[in-house]
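Protein chains: 2
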Amino acid sequence: MDAVHFVTEDFAAMEKHFRTTFINSLTGFKSANLVGTVSREGNTNLAIFNSAVHIGANPPLIGLIFRPISVSRHTYQNIKATGYYTLNHVHKSFFKQAHQTSARFAAGVSEFDACGLTAELSQFQPAPYVKESFIKIGMKFEEEYQIRVNETILVIGSIIEALLPKICLLEDGFVDIEQAGTVAISGLESYHETTRLARLAYAKPNQSPKEI
Amino acid sequence: MDAVHFVTEDFAAMEKHFRTTFINSLTGFKSANLVGTVSREGNTNLAIFNSAVHIGANPPLIGLIFRPISVSRHTYQNIKATGYYTLNHVHKSFFKQAHQTSARFAAGVSEFDACGLTAELSQFQPAPYVKESFIKIGMKFEEEYQIRVNETILVIGSIIEALLPKICLLEDGFVDIEQAGTVAISGLESYHETTRLARLAYAKPNQSPKEI
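If you read the protein sequences in the order shown, they are chains C and D.
Position in the first sequence (first residue = 1) + 25 = this note's numbering.
Position in the second sequence (first residue = 1) + 25 = this note's numbering.
No wet-lab data here; the hints were simulated from the structure.
Any given hint might turn out to be false.
In silico PhoX-like cross-links for lysine-lysine, where the CA-CA straight-line distance does not exceed 25 Å [to be verified]:
| no. | chain 1 | residue 1 | chain 2 | residue 2 |
| --- | --- | --- | --- | --- |
| 1 | D | Lys235 | C | Lys121 |
| 2 | C | Lys41 | D | Lys165 |
| 3 | D | Lys121 | C | Lys229 |
| 4 | C | Lys229 | C | Lys191 |
| 5 | C | Lys121 | C | Lys156 |
| 6 | C | Lys41 | C | Lys117 |
| 7 | D | Lys229 | C | Lys156 |
| 8 | D | Lys191 | D | Lys117 |
| 9 | D | Lys191 | D | Lys156 |
| 10 | C | Lys165 | C | Lys191 |
| 11 | C | Lys117 | D | Lys235 |
| 12 | D | Lys156 | C | Lys229 |
| 13 | C | Lys121 | D | Lys229 |
| 14 | D | Lys41 | C | Lys191 |
| 15 | D | Lys235 | C | Lys41 |
| 16 | D | Lys165 | D | Lys191 |
| 17 | C | Lys165 | D | Lys41 |
| 18 | D | Lys191 | C | Lys235 |
| 19 | D | Lys117 | C | Lys229 |
| 20 | D | Lys117 | C | Lys235 |
| 21 | C | Lys156 | C | Lys229 |
| 22 | C | Lys117 | C | Lys156 |
| 23 | D | Lys105 | D | Lys156 |
| 24 | C | Lys41 | C | Lys105 |
Negatives, chain D to chain C, calculated, CB over 10 Å [said to hold, decoys possible]:
| no. | residue |
| --- | --- |
| 25 | Arg65 |
| 26 | Asn68 |
| 27 | His99 |
| 28 | Gly108 |
| 29 | Ala144 |
| 30 | Leu146 |
| 31 | Pro151 |
| 32 | Glu167 |
| 33 | Ala209 |
| 34 | Ala226 |
Residues from chain D shown here face chain C by an in silico Cβ test under 8 Å; the list is partial [unchecked claim]:
| no. | residue |
| --- | --- |
| 35 | Phe43 |
| 36 | Ile48 |
| 37 | Ser50 |
| 38 | Ile80 |
| 39 | Phe119 |
| 40 | Phe166 |
What you are looking at is a predicted structure, and each value in this text was computed from that prediction instead of being measured.
Cβ coordinates follow ideal geometry from the N, Cα and C atoms, glycine included.
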């Protein structure tokens, strides 16, 4: 198979949009989450993120990457102002509406209304969930780190609430997000459904990988 | 659809393995990368990671999360000792071998040998690539941040080399990782192939999402 090869000087010389698209493709498949927030004034906001990363299970922690100036700036401001946000898995039935939340809507326009998604309140925290989402996670802000080299921000929150279909929760704690219709992202804007190859048991030396 | 609902006290009360499996499922789909390193003494190491996260395109940066004490401890030590590492997309033809790298092999055993994968050298840096991988990324260590709340470590590296099949690189810079056979992970050990739903154009207000 013919290969292409790029090094540091090539990245620097790439046309800006080409480079953004190219570099965003390299990490592999990404999660697709809608982040729901509310301002102190009560305006709801919804933004798609592909950067959720597992930080720890006990206490349960998830990280999100924010660009220094980004379409998600209201999301960041609302998280800092209220201390709470929600993660809502993007389902294949509404991935186009989810993508549309990345448009730069005028101030005061809620992406819930503009994109045809429904805000749903919780009694545990003020941030809105996406009613159409099957897997919903309530988050409390914990810490943030500004990355020196490019001023992006890692925001870490603790999971304070989780809602999911009973049928997707297996006996051992595994959540079958494929069965829930959760999509994967590649690059900035390619959406994918999935087909399981296998679940593999905890690996041990001198033993072949076993399917669960 | 019947829903289940968990809050903070429920997470704390969960059996340890159940909680680990459950919380690891919540972020959504994850990338599958083999991280290749070499010690100062020349011993190669290979470890599967599902935590690669895009940090920036210019300069091109990727983050990885390391647990405080983990199966990836050699990976971390080698990165700190040599300053270099590789990311290699896991292809569906070798996801079982890739998973097997997470077994706790004895010191001095290279996961390349133990798992039936082939180390491939580069002239640009000392860390080994996985020959069987179609998309290979050479990384230089840049920064690290220790997360206060649970002592995990965010390692940030710059991309110094990228190798991929010519046929997977589209005109606009998008890399078709689905065509390359790259797999997605859910939870800790569930491997998935993907089927594209659509690529969507940059979203604009007052315009429906358009497929590219």
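Item to check | Contradicted hints - numbers only | outcome: 4, 6, 18, 21, 24, 32, 33, 34, 39, 40
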